[in-house]
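> Chain residues, written in single-letter form:
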Amino acid sequence: MPARQNAELVRHYFDDSNTVKGDIARFRDIWKVYFAPVFVAHYSTGDMDYDQYLKYGSSLHAAFQDLKQTVEDIVAQGDKVVVRLTLQGTHTGVFGGINATGRSVSIQAVLIIRMSNSKFVEVWAFPNEMGLLRQLGVIPEGALRR
Amino acid sequence: MSEEQNVAILQELYNAVNQRRLTSLAAFIHPDYRRHDLSNALSVVTKSGAATDIVALLLRALPDMCIEGKQFVARDDRVAVQFTITGTHQGDFLGTAGTGKRVELNGINIYRLKDGKITETWQLADFWGILDQMGKE
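Top line first, the protein sequences correspond to chains A and B. The working numbering applies: residue 1 is where the first sequence begins, and numbers increase by one. The working numbering applies: residue 1001 is where the second sequence begins, and numbers increase by one.
Mixed in with the good hints there might be a few duds.
As the list claims (entries may be wrong) - Here are the simulated DMTMM-like cross-link-like pairs (lysine to aspartate or glutamate), alpha carbons at most 20 Å apart as the crow flies:
{"no.": "1", "chain 1": "A", "residue 1": "K32", "chain 2": "A", "residue 2": "D49"}
{"no.": "2", "chain 1": "B", "residue 1": "K1114", "chain 2": "A", "residue 2": "D73"}
{"no.": "3", "chain 1": "B", "residue 1": "K1070", "chain 2": "A", "residue 2": "D79"}
{"no.": "4", "chain 1": "B", "residue 1": "K1117", "chain 2": "B", "residue 2": "E1003"}
{"no.": "5", "chain 1": "B", "residue 1": "K1114", "chain 2": "B", "residue 2": "D1032"}
{"no.": "6", "chain 1": "B", "residue 1": "K1070", "chain 2": "A", "residue 2": "D47"}
{"no.": "7", "chain 1": "A", "residue 1": "K21", "chain 2": "A", "residue 2": "E122"}
{"no.": "8", "chain 1": "A", "residue 1": "K68", "chain 2": "A", "residue 2": "E8"}
{"no.": "9", "chain 1": "B", "residue 1": "K1070", "chain 2": "A", "residue 2": "E122"}
{"no.": "10", "chain 1": "B", "residue 1": "K1117", "chain 2": "B", "residue 2": "D1076"}
{"no.": "11", "chain 1": "B", "residue 1": "K1101", "chain 2": "B", "residue 2": "D1132"}
{"no.": "12", "chain 1": "B", "residue 1": "K1117", "chain 2": "B", "residue 2": "D1053"}
Simulated from the structure, these hints should not be mistaken for laboratory data.
Please take these sequences and the hints and turn them into a complete structure.
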C-alpha cells in the first residue's frame, strides 16, 4: 500500500473519531475499521495490546466527550505514517484516575503508525503528558521553572 | 536534496553530538531556523531556543549523553526521527539537581530541511518520564 494511501487512511480515522462525541459504541465501531486484531501500542507507561488500547481510547473519548483531534502534519514513508496532532477537549469524566475538572485542555501529540494491509498494526505514541497534567491542574503551571 | 540525503544529514548530526564535535553543530542549522517546542518544557530554560543551546543544556545535565535515532520516516522536505537519549544525570536538569542516576529521554522530532540544513523542528519528548526517573517530588 503506497504511503500516500496510508496517510489518507490516518486522516480518515481522525475525521471519523471527531464524530464520536462521547458515543463509545460508535467509537468501537470506528476502531474496528482501522485497527488490526494483532496490534501493539508503545506508550511511556508500557505496551498496550488491541483490547488495552481500545479501552484507553474509549476512556479518552468518555472523559473528553467533545474531543477534537486536528491533524497538523503527516509524514508518510513506506509502511509508516507519522502524524502530528492537536487534541482539544473539556475534561468532564474520570481520565487516568483524575476526576473531572471541567477544564478545557489543548495539547499536542505525535504518533508513528505502522500499517499493514490498510490496518494499524503498531503505534508509538508521544503525547504531551506533562502539558495535560499541567492544564488539568494536577501539577502546577511552571512547576519546572527554577 | 532527496529524502535519503536528508536522513543522512540527521544521522550525521546525531553522530556529531555523540562524538562531541560540538563546534560543527551550527553548520547543520539554517539561518531561518524556527523551533516548536510541543511540550513547552525546554522553552522555559533556553533563552534563544537555539538548537545548539539545547544540546548544551543536555550535556550539562547528562555529560555522557548519547542520542540514538531509532526510526527515521522521511517525506518531501521533512524527516521524523524517533529518538532515545541516555546518560547519567550529573548536573541540573530543568531544576532537578544531579542524582547520579542512569536516565533516558524518549521522544520524536520532526525536522524540515532546506538546502541541506535544518530550518524548522517540532519537538515532543517524554519529560514527565525522565523527571520521574530523576525522582521528582
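> Work down the list of hints and note, for each, if the structure agrees.
Consistency of the hints with the structure:
1. Proposed proximity of K32 (chain A) and D49 (chain A) is supported: the alpha carbons are some 14 Å apart, at most 20 Å.
2. Proposed proximity of K1114 (chain B) and D73 (chain A) is supported: the alpha carbons are some 17 Å apart, at most 20 Å.
3. With a CA separation close to 16 Å, the supplied pair K1070 (chain B) and D79 (chain A) stays within the 20 Å bound.
4. Restraint check: the Cα-Cα separation between K1117 (chain B) and E1003 (chain B) comes to about 13 Å, which is no more than 20 Å; the hinted pair holds.
5. Between K1114 (chain B) and D1032 (chain B), the direct Cα distance comes to roughly 10 Å. Compliance with the 20 Å bound is thereby established for this hinted pair.
6. A hinted pair counts as satisfied when its Cα atoms are at most 20 Å apart, and K1070 (chain B) with D47 (chain A) qualifies at roughly 17 Å.
7. With a C-alpha separation of about 25 Å, the suggested pairing of K21 (chain A) with E122 (chain A) is violated against the 20 Å cut-off.
8. Proposed proximity of K68 (chain A) and E8 (chain A) is supported: the alpha carbons are some 18 Å apart, at most 20 Å.
9. Proposed proximity of K1070 (chain B) and E122 (chain A) is supported: the alpha carbons are some 15 Å apart, at most 20 Å.
10. A threshold of 20 Å between alpha carbons decides the hint, and for K1117 (chain B) with D1076 (chain B) the separation of about 14 Å falls inside it, so the pair holds.
11. Of the pairs offered as hints, the one joining K1101 (chain B) and D1132 (chain B) holds, with about 11 Å between alpha carbons and a cut-off of 20 Å not exceeded.
12. For a cut-off of 20 Å, the pair hint linking K1117 (chain B) to D1053 (chain B) stands: about 17 Å separates their Cα positions.
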